[in-house]
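S.K.: Can you build the whole structure from these sequences, using the hints too?
So the sequences go chain by chain: A and B.
For the first sequence, position 103 (counting from the first letter as 1) is numbered 103 according to our numbering, and the numbering increases by one without interruption.
For the second sequence, position 76 (counting from the first letter as 1) is numbered 76 according to our numbering, and the numbering increases by one without interruption.
Hints are supplied without guarantee of correctness; some may be wrong.
[To be verified] To give an idea of the interface, some chain A residues facing chain B are shown, with a C-beta separation under 8 Å as derived from the structure:
(1) Tyr8
(2) Thr13
(3) His50
(4) Asp80
(5) Val239
(6) Ser240
(7) Glu242
Bear in mind the hints are in silico, worked out from the structure with no lab data behind them.
Computed from a prediction, not measured in an experiment: that's the story for all the values here.
Heads up, the beta-carbon is just placed ideally off N, CA and C, and yes, glycines get one too.
Take a look at the letters that make up each chain.
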Amino acid sequence: MYMPDYEYHTPGTLAEACTLLGELGGKVTVLAGGSDVLHKMKIGNLVPDHLVSLKNLKELREIRYEQGRGVVIGALVTHDGIYRSQLLQKHFLSLPMAAHTMANTQVTNIGTIGGNIVNGSPLADLPPILIALGASVKLVGRSGERVLPLEEFIVGPGKTVIAQDEILTEISIPDQPTTGSTYKKFGLRKSGALAVVSVAAAVTVEGGAITDARIVLGAVAPVPLRAKSAEASLKGKKVSDEAIEEAAAAAAADSRPISDLRGSDEYRRELVRVFTKRALRKAIDEGHV
Amino acid sequence: MSNVITDKDGVKRYLITLNVNGDEHTILVKGNTTLTNALRDQLDLTGTKRGCELGDCGSCTVLFDGRPINSCMKLAVEAEGHEIITIEGVAANGELDAIQQSMINHAAVQCGYCTPGMVLSAKALLTRNPHPTEPEVREAIAGNLCRCTGYVHIVEAVLAASRGVLAPDDGAHATAGGAK
Numbered sequence: 001m002y003m004p005d006y007e008y009h010t011p012g013t014l015a016e017a018c019t020l021l022g023e024l025g026g027k028v029t030v031l032a033g034g035s036d037v038l039h040k041m042k043i044g045n046l047v048p049d050h051l052v053s054l055k056n057l058k059e060l061r062e063i064r065y066e067q068g069r070g071v072v073i074g075a076l077v078t079h080d081g082i083y084r085s086q087l088l089q090k091h092f093l094s095l096p097m098a099a100h101t102m103a104n105t106q107v108t109n110i111g112t113i114g115g116n117i118v119n120g121s122p123l124a125d126l127p128p129i130l131i132a133l134g135a136s137v138k139l140v141g142r143s144g145e146r147v148l149p150l151e152e153f154i155v156g157p158g159k160t161v162i163a164q165d166e167i168l169t170e171i172s173i174p175d176q177p178t179t180g181s182t183y184k185k186f187g188l189r190k191s192g193a194l195a196v197v198s199v200a201a202a203v204t205v206e207g208g209a210i211t212d213a214r215i216v217l218g219a220v221a222p223v224p225l226r227a228k229s230a231e232a233s234l235k236g237k238k239v240s241d242e243a244i245e246e247a248a249a250a251a252a253a254d255s256r257p258i259s260d261l262r263g264s265d266e267y268r269r270e271l272v273r274v275f276t277k278r279a280l281r282k283a284i285d286e287g288h289v
Numbered sequence: 001m002s003n004v005i006t007d008k009d010g011v012k013r014y015l016i017t018l019n020v021n022g023d024e025h026t027i028l029v030k031g032n033t034t035l036t037n038a039l040r041d042q043l044d045l046t047g048t049k050r051g052c053e054l055g056d057c058g059s060c061t062v063l064f065d066g067r068p069i070n071s072c073m074k075l076a077v078e079a080e081g082h083e084i085i086t087i088e089g090v091a092a093n094g095e096l097d098a099i100q101q102s103m104i105n106h107a108a109v110q111c112g113y114c115t116p117g118m119v120l121s122a123k124a125l126l127t128r129n130p131h132p133t134e135p136e137v138r139e140a141i142a143g144n145l146c147r148c149t150g151y152v153h154i155v156e157a158v159l160a161a162s163r164g165v166l167a168p169d170d171g172a173h174a175t176a177g178g179a180k
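M.R.: Set out below in structure tokens:
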């Protein structure tokens with residue numbers, strides 16, 4: 001299969017990589033794992049002049065706990081690395097499970113969390129659960145670094161606020177009072193299918209009442225979408241089937257699906273309702289799973 | 001990237017050393033050569049198959065530091081410094097691996113195109129988890145598509161290999177619990 005020609009670069013340090021990204025002219029693409037970048041190049045959707053590989057930035061392959069920031073995940077950690085992280089399994093098992101079920105082994109061993117985010121795909125699997133858990137991203141550029149909520153990072157299909165010279169280096173999940181979270185996805189096959197609809201939920205339940213809830217919908221809007229009226233409808237309510245039903249209906253109303261080859265807008269809206277219900281129930285009953 | 005050679009047309013080639021099946025091979029590749037193509041076209045390791053070439057079918061599966069990956073989704077220049085095992089590296093000293101023998105015994109090979117990838121995915125599974133359940137086997141080979149649809153015998157063969165029982169006990173096809 002045809003691969004375009006490009007100039008291949010392997011900066012040795014993060015600073016070198018940012019300088020390179022800032023100085024190179026033409027179309028520049030950053031290469032992390034490659035499962036999306038190579039795919040796009042092969043089908044002709046991406047013809048870069050320069051490919052900047054991050055393979056030497058080994059410090060971005062780590063997961064650690066940092067006081068004040070919470071769990072910090074390097075952008076080059078693969079989906080399989082997230083799945084196998086004992087730290088993540090202990091604190092937020094919902095994220096390892098989302099990473100594990102997103103694709104088959106050959107892909108989860110290549111694809112990275114950073115790539116999954118920077119791609120800006122509305123149906124990517126990790127952003128919904130990460131946003132539900134209040135994750136932030138760190139962007140490093142030539143003139144310094146900035147940290148912003150992941151929710152503000154993705155702004156459209158394939159569009160993010162990353163600057164030409166910036167690299168997404170870390171994703172952090174803060175310490176939080178949430179009592180449960182989960183990610184539920186509906187695909188057309190058991191394995192390796194893209195999301196027709198996905199729902200991530202994180203809840204805080206105290207004494208039988210829901211004090212806080214975050215619900216994020218995937219594949220039903222140009223970006224991973226906070227279902228804000230569904231979240232608001234839950235706050236302060238006692239846990240009950242009625243409250244969950246009501247929130248699920250609100251989430252369906254919040255969603256803005258389109259019709260495409262994977263499903264019609266009506267079908268997706270109904271799936272949002274059903275999967276929001278299931279996700280909330282699971283997060284409330286089973287914790288971070 | 002130490003050795004870069006630029007030809008008269010300005011095309012750059014990289015002299016890289018790949019560790020494949022325990023041997024070091026130094027080859028010259030372009031920056032856009034995939035690992036699949038380097039293995040097949042330069043090292044003549046044609047057991048690694050070109051299928052969809054888009055990361056869907058798993059026929060190009062190799063073990064990369066022990067983990068199965070689609071070699072069509074990896075640039076050869078990115079594979080330097082990693083241990084690569086292809087299907088040619090699975091049999092040791094002329095002896096087939098238990099998974100290979102079990103697949104023969106269970107007639108788990110039809111056209112054979114998916115077989116190298118299947119063996120490597122199963123190998124990675126049994127190395128990490130020597131006694132998998134049937135769902136675990138199915139999950140481990142979910143990225144290997146068999147278009148002859150011969151999954152039942154493949155799953156049986158992997159389970160039998162994990163039990164150390166390589167031959168079907170009844171001379172026909174062994175049954176491996178449940179999903180038929």
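S.K.: If a hint holds in the structure, say so; if it does not, say that too.
M.R.: Okay, the hints, checked on the actual structure:
Hint status for A:Tyr8: holds, given a least beta-carbon distance of 3 Å to chain B, under 8 Å. The interface hint given for A:Thr13 is violated, since its Cβ lies 14 Å from the closest Cβ of chain B, which is over the 8 Å cut-off. For A:His50, the interface hint is violated, the least distance from its beta-carbon to any beta-carbon of chain B being 10 Å, above 8 Å. Hint status for A:Asp80: holds, given a least beta-carbon distance of 7 Å to chain B, under 8 Å.
At about 32 Å, the closest approach between the beta carbon of A:Val239 and any beta carbon in chain B exceeds 8 Å, and the interface hint on this residue is violated. Because the beta carbon of A:Ser240 sits about 34 Å from the nearest beta carbon in chain B, more than 8 Å, this interface hint is broken. The interface hint given for A:Glu242 is broken, as the beta carbon of that residue sits about 36 Å from the closest beta carbon of chain B, more than 8 Å.
In summary, the structure is inconsistent with hints 2, 3, 5, 6 and 7 from the numbered list given earlier, while agreeing with the others.
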